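Undergrad: Protein chains in written order, with numbering that gives the first Met the number 0: chain A, 0 to 292; chain B, 0 to 80.
Errors might be hidden in some of the hints.
[To be verified] If you want the ones that stay clear, here's a sample from chain A, every Cβ over 12 Å from chain B, calculated:
| hint | residue |
| --- | --- |
| 1 | 20 |
| 2 | 143 |
| 3 | 206 |
| 4 | 231 |
| 5 | 251 |
| 6 | 252 |
[Claimed, not checked] Covered stretches of chain B (chain A as the covering partner; in silico rule of three or more C-beta atoms under 8 Å from a C-beta of chain A):
| hint | stretch |
| --- | --- |
| 7 | 28 to 34 |
| 8 | 56 to 64 |
| 9 | 68 to 74 |
[Unchecked claim] A partial selection of chain B residues facing chain A, derived with a Cβ cut-off under 7 Å:
| hint | residue |
| --- | --- |
| 10 | 10 |
| 11 | 24 |
| 12 | 39 |
Keep in mind that the hints were calculated from the coordinates and are not lab data. The model shown is predicted, which means the values in this text are computed figures rather than measured ones. We put the CB at the ideal spot given by N, CA and C, even for glycine.
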Amino acid sequence: MAVREIEPIALALDRLELMAESGYYNPYTMFDWPEAIEPDKPWMSESLTTLAGTPMWDELTREQQLALTRYEAINFFSLNIHGIRELLSEVVMRIHDRTYAGVSEFLHHFIGEENEHMWFFAQFCLRYGGKLYPAQPSLRADSVEHLSAVARELIVFARILIFEEIVDHYNAHMATDMDLPVIAREINRVHHQDESRHVAFGRMIFVNLLEQVAKRDPNEVPLVAEYLESYLSYSIGTLYNPAAYRDAGIPDALALRRRALEHPARQAAHEQVLKRTRKFLSKVGVGRELVKR
Amino acid sequence: MTDQLRAVREFILERNSTMDTVSDDLDLIDSRAINSLAFVEFIFLLEELTGDSIDPEDLDLDDFRTLKAIEARFFTQEAVR
Chain A
0 MAVREIEPIA LALDRLELMA ESGYYNPYTM FDWPEAIEPD KPWMSESLTT LAGTPMWDEL
60 TREQQLALTR YEAINFFSLN IHGIRELLSE VVMRIHDRTY AGVSEFLHHF IGEENEHMWF
120 FAQFCLRYGG KLYPAQPSLR ADSVEHLSAV ARELIVFARI LIFEEIVDHY NAHMATDMDL
180 PVIAREINRV HHQDESRHVA FGRMIFVNLL EQVAKRDPNE VPLVAEYLES YLSYSIGTLY
240 NPAAYRDAGI PDALALRRRA LEHPARQAAH EQVLKRTRKF LSKVGVGREL VKR
Chain B
0 MTDQLRAVRE FILERNSTMD TVSDDLDLID SRAINSLAFV EFIFLLEELT GDSIDPEDLD
60 LDDFRTLKAI EARFFTQEAV R
């Protein structure tokens, strides 16, 4: 008998499936898309912009501040779109593999919902901003080929989970920010609602695969922890898009980006954004404390 | 070695604690000296060093494989210009 590299996933998903079915909405008809957004309204919470809490924000004119919220909202939604494209590819390839037969029902909901998220994020950006930012350059060469098949599988789902958790931090805040235009608030609220279930699912599948990695070779767990900590930093870096600074009319975009990323106020903000995810990773045994530095 | 190439070496060495040197023909991608997570930051570094934007949708990976290739593609042209 051949030894399976990845054991079939078995999870108790009845509650999540029921929520997905009973909570279904039609995004193509439910949003009231206004003709235009009021020019004095920020599109992203000012406290969530990449310059928030720094002198670099205070030095901007009000016009530049508002412009930055517009372009950083477009960047945030563009990152969502490209992240969803990646996760859809990965999930579609797996949905009817034997490993995932036990969870394919939920994965069908997941795929449908993520496709809809992609649509309404694109609708917002293209309708009001006239653009999406391109996907980050990526290496097609595999940076995790030194890991076992099950560890690589874990990383696929870890990336999805981390992406969802970071995005959800922003959604949860903007869903109730009364300074935002209604349409921006609504998009964040609806996404937050769905993502709460996706995060719950993502955590379950992550724990299952991590147990398989640890059982197969405990020495691989710190390598996974190292990759995940790098992925958290990478994810934060993608929020700081110099193209958004240029489009907002802010000079010296690249130098500004470097200064902002390093600023203590921004580093404290990063800790807040990543706090929940890091706490979860440490709790399940694959936190950054395992990373030798 | 130019200041630009020195900055590239520094970027690689600070992210690879087990390396103490980067040879001109080391395959930076296959060796994971620049991995997928650091690649975006690396592109921004090259943009700062050259003063030119790099279109993320128009990248040829082979331009980034070795220090020689990076120098030829991003720094030599500027010297000529």
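Undergrad: Hint by hint, say whether it matches the structure.
TA: Consistency of the hints with the structure:
No Cβ of chain B comes within 12 Å of the Cβ of residue 20 of chain A; the nearest lies about 36 Å off, and the non-interface call holds. Not every Cβ of chain B is farther than 12 Å from the Cβ of residue 143 of chain A; the closest lies at roughly 8 Å, contradicting the non-interface assignment. Every beta carbon of chain B lies more than 12 Å from that of residue 206 of chain A, the smallest distance being close to 23 Å; the non-interface claim holds. For residue 231 of chain A, the shortest C-beta to C-beta distance to chain B comes to about 10 Å, within the 12 Å cut-off, and the non-interface label is violated.
With a closest Cβ-Cβ approach of about 10 Å to chain B, residue 251 of chain A is found to fall inside the 12 Å limit, against its non-interface label. The Cβ of residue 252 of chain A sits about 9 Å from the closest Cβ of chain B, inside the 12 Å cut-off, so the non-interface label is violated. By the rule of at least three residues with a Cβ nearer than 8 Å to a Cβ of chain A, the coverage given for the stretch 28 to 34 of chain B holds, with 5 such residues. Judged by the Cβ-Cβ criterion of 8 Å, the stretch 56 to 64 of chain B is covered by chain A as claimed, because 3 of its residues qualify and three suffice.
Proximity of the stretch 68 to 74 of chain B to chain A, defined as three or more residues with a beta carbon under 8 Å from a beta carbon of that chain, is not established by the 0 residues found. Proximity of residue 10 of chain B to chain A is violated relative to the hint, the smallest CB-CB distance being about 12 Å (cut-off 7 Å). Interface hint at residue 24 of chain B: violated, since its Cβ lies 17 Å from the closest Cβ of chain A, which is beyond the 7 Å cut-off. A hinted interface residue such as residue 39 of chain B counts as satisfied when its beta carbon comes closer than 7 Å to some beta carbon of chain A; here the least separation is about 5 Å, so the hint holds.
Of the numbered hints listed earlier, those contradicted by the structure are 2, 4, 5, 6, 9, 10, 11.
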